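Here the protein sequences come in this chain order: A and B.
Just so you know, we're using UniProt numbering here: the first sequence kicks off at 1 and counts up by one.
Just so you know, we're using UniProt numbering here: the second sequence kicks off at 1 and counts up by one.
No lab work stands behind these hints, which were simulated from the structure alone.
Source: prediction; values computed, not measured.
Among the clues, some could well be false.
Cut-off 20 Å, straight-line C-alpha distance, at most; resulting in silico cross-link-like pairs (EDC-like, lysine to aspartate or glutamate) [to be verified]:
(1) A:K300 with B:E80
(2) A:K276 with B:E26
(3) A:K264 with B:E40
(4) A:K264 with B:E353
(5) B:K21 with B:E66
(6) A:K242 with A:D150
(7) B:K407 with B:E449
(8) B:K373 with B:E353
(9) B:K21 with B:E47
(10) A:K264 with B:E49
(11) A:K145 with B:D175
(12) A:K145 with B:E40
As a plain string of letters, each chain reads:
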Amino acid sequence: MATTKRKRATTRADNQASSDDLLKYYREMLLIRRFEEKAGQLYGMGLIGGFCHLYIGQEAVVVGMQSAITGDDGVITSYRDHGHMLACGMDAGGVMAELTGREGGYSRGKGGSMHMFSKEKNFYGGHGIVGGQVPLGTGIAFNYKYRGEDRVCLTYLGDGAVNQGQVYEAFNMAALWQLPVIYCIENNQYAMGTSTQRHSSSPDLYQRGVAYGIPGEQVDGMDVLAVKEAGERAVAHCREGKGPYILELKTYRYRGHSMSDPAKYRTKDELDKMRKEHDPIDMVKKLLIDGNIIDEAGLKDIDKEVKAEVAKAAEFAQNSPEPDVSELFTDILIDA
Amino acid sequence: MPIEVLMPALSPTMTEGTLAKWNVKEGDTIASGDVIAEIETDKATMEVEAVDEGTVGKIVIAEGTENVAVNAVIAYILEEGEDASALDNVSASAGAAAPAAEAAPAPAAPAAEAAPAASAAAPVAASGAIERSDAEPRAMSVMNATQDEKTYTSFKTQTVREALRDAMAEEMRGDENVFVMGEEVAQYQGAYKVTQGLLDEFGDKRVVDTPITEIGFTGLATGSAFMGLKPIVEFMTFNFAMQAIDHIINSAAKTLYMSGGQLGCPIVFRGPNGAAARVGAQHSQCYASWYAHCPGLKVIAPWSAADAKGLLKAAIRDPNPIVFLENEIMYGQSFEVPDDEDFVLPIGQAKIEREGTDVTIVAFSIMVGKALKAAEKLAEQGISAEVINLRTIRPLDVNTIIRSVMKTNRLVTCEEGWHFAGIGSEIASVVMEHAFDYLDAPVARVTGEDVPMPYAANLEALALPQEQHIVDAAKAVCYR
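Based on the provided sequences and hints, a complete structural model is requested.
See below:
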């Protein structure tokens, strides 16, 4: 019986990525980071309300996983979702306008930060109840299998969600029915303010599928190439009809759980060490420079482009009008 | 132009804070993500990160300053290529705006400047919402003219159980996307034999036995419905759906709205609801008012076999999430059902089961039978009762109820569930709002007693609303 394939995949095979790939990862990760910084700023200005969970630090996870699938595959996650949407190719302006609650947002301002969707890009939310997206994503995979389609569903969950009972109900059915779903556990090491050590009886979350015979791997989630490599293994497993796969992506969020979280539950040294030694963007930057793929000036041009894209998104998000008051009563039911 | 660094809000309720510390000084070079300052609120100390890169041109608010308003300029950053002379134009205005406690006593003011679109539109939205809620007092109530039900000439006698099965089978034949999922629905042929024969005809791909895992399979089926499949989820009883209510409400009912209309959820949640017999408190409860409370759901509660068949077929065809509340005691009862492949009933339309002139009795599910028996007894005593079978709880057929009350001027509501915030409470309100002047007596509610369901036979009978309660209530509102 297949159980845990390997404990760590922190050392990846070198030179797996082409120059173009590396440049693409750099740009995509930078876009997420700049987008999130801008979102934080707009939140500070009172333009974004409610909860706002930033993805800064975790960029390699979604960029690496997205590069392992095709645009036909599905993606679903919880509420720390801005990075996933940008990685799926959703428009930054549409995402930002949803954060500001405007008509131009992906849900026309009715969903907000935690509830955004794009059928066109196969992104199915954006769900606010911890763990709720796990059976839902399993159902998306059920649909692929039911229709005989060669598609997989990436179902993201955090290290906090792994303690929800419904996660295991979903694991069981996915394994029982051999559904093409990859459970991507983004272990950023804190379930809000509770560290993995304090909430999980075993720190090895990739083993959470052992009871169901679901293979699992632990991956360095700060290394986009390691994520992509593990992601490709998981996708191949699913496409061969072997059922679900678990990836535990060890990562780190630089910001608090949400905007109002001062993150007193961890030390400044811990955060600084991650930022200085394991930053996913700096890592790719170093590969680009050391490999003579691009020079500092070239990187600066990319930075400028990304910054311009984010500035445009922020402008759109502020200028787009609030939804028409008639929207209050639309989209409750579909006319039968 | 130098870049303004504004005092950030760290929560939607924060209006001002203390600038506790500057981590940079004028002339320092900074990059995006650098921690440049620390601010304190009454709840926490938070770091302020730079969003832009450049050189700290001017620190406008000194560290230690208290009551700095959100969105006040606290510093300027010079972009690449700018020198200090760029600050000349901005210093004066910034100085004036700085001590927020004086300059901006109303904490909302700076936000209004920073976000003209948002703040200007807000009052409109607020007043608009109020106007709309007046204009559409009950978006989920049906106030349209009631359509005449199609008449059928050929009938066959069927149990409710058979009618439900036929409805599923007919819809599954017509649409490959329809499938049934639940505990014991396939090989066991249904815990209450409602899905009998479906596995043989449709195979295990479309008649799926699940583990005992209610929240899991409810979420899974809901996810598949987002993708356009049409699951019929059978709960062995609705008591077990409490394990899954998060997905019924938070996922199935709300996603269409939250996605701005992108993701529909064509799903039917069905199974026996309400009291069975002698199974105690955890297996005997009516959930009608729980689900009917929620926008985004339709809630159906059939009584007869014809109701069951016509409404289940309509539910399966409907593009929305539907809670379909059956009743175990009704499963074995037989009724005449139209013998017609195209037989289907409209959702949202009540049926007058018996016409009368003195009092209106509104009921649903098993209580319809009790109401009809009560009407017989009342007739013997010279009271003509009109009995309305709601059939759909949400959207509620307000028209039919109101028209009847305008005729009889008296109303009794019946349900197995508890009275508090029950279906009867809603109907009483609706009648008060739309037909207050027509009422000749206060509305009477016949409900289950306000206790968990007891096991003992005598106590159970006392806890449930009986025919005699309806008779008594009808006589009371007729002052007889």
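Evaluation of the provided hints:
1. A hinted pair counts as satisfied when its Cα atoms are at most 20 Å apart, and K300 of chain A with E80 of chain B qualifies at roughly 12 Å.
2. For the proposed pair K276 of chain A and E26 of chain B, the alpha carbon gap of about 24 Å is over 20 Å, so the pair is violated.
3. At most 20 Å may separate the alpha-carbon atoms for a hinted pair to count; K264 of chain A and E40 of chain B meet this at roughly 13 Å.
4. In summary, the hint linking K264 of chain A to E353 of chain B is not supported, as the alpha carbons are separated by about 66 Å, beyond the 20 Å threshold.
5. Only pairs whose Cα atoms come within 20 Å are accepted, and K21 of chain B paired with E66 of chain B is accepted, the gap being roughly 11 Å.
6. Note on K242 of chain A and D150 of chain A: the hinted pairing holds, with a Cα-Cα distance of about 12 Å set against a maximum of 20 Å.
7. In summary, the hint linking K407 of chain B to E449 of chain B is not supported, as the alpha carbons are separated by about 30 Å, beyond the 20 Å threshold.
8. Note on K373 of chain B and E353 of chain B: the hinted pairing holds, with a Cα-Cα distance of about 12 Å set against a maximum of 20 Å.
9. Straight-line distance between C-alpha atoms of K21 of chain B and E47 of chain B comes to about 9 Å, which keeps the hinted pair within the 20 Å bound.
10. As the CA atoms of K264 of chain A and E49 of chain B are separated by approximately 16 Å, the hinted pair is consistent with the 20 Å bound.
11. Restraint check: the Cα-Cα separation between K145 of chain A and D175 of chain B comes to about 17 Å, which is no more than 20 Å; the hinted pair holds.
12. Between K145 of chain A and E40 of chain B, the direct Cα distance comes to roughly 53 Å. Violation of the 20 Å bound is thereby established for this hinted pair.
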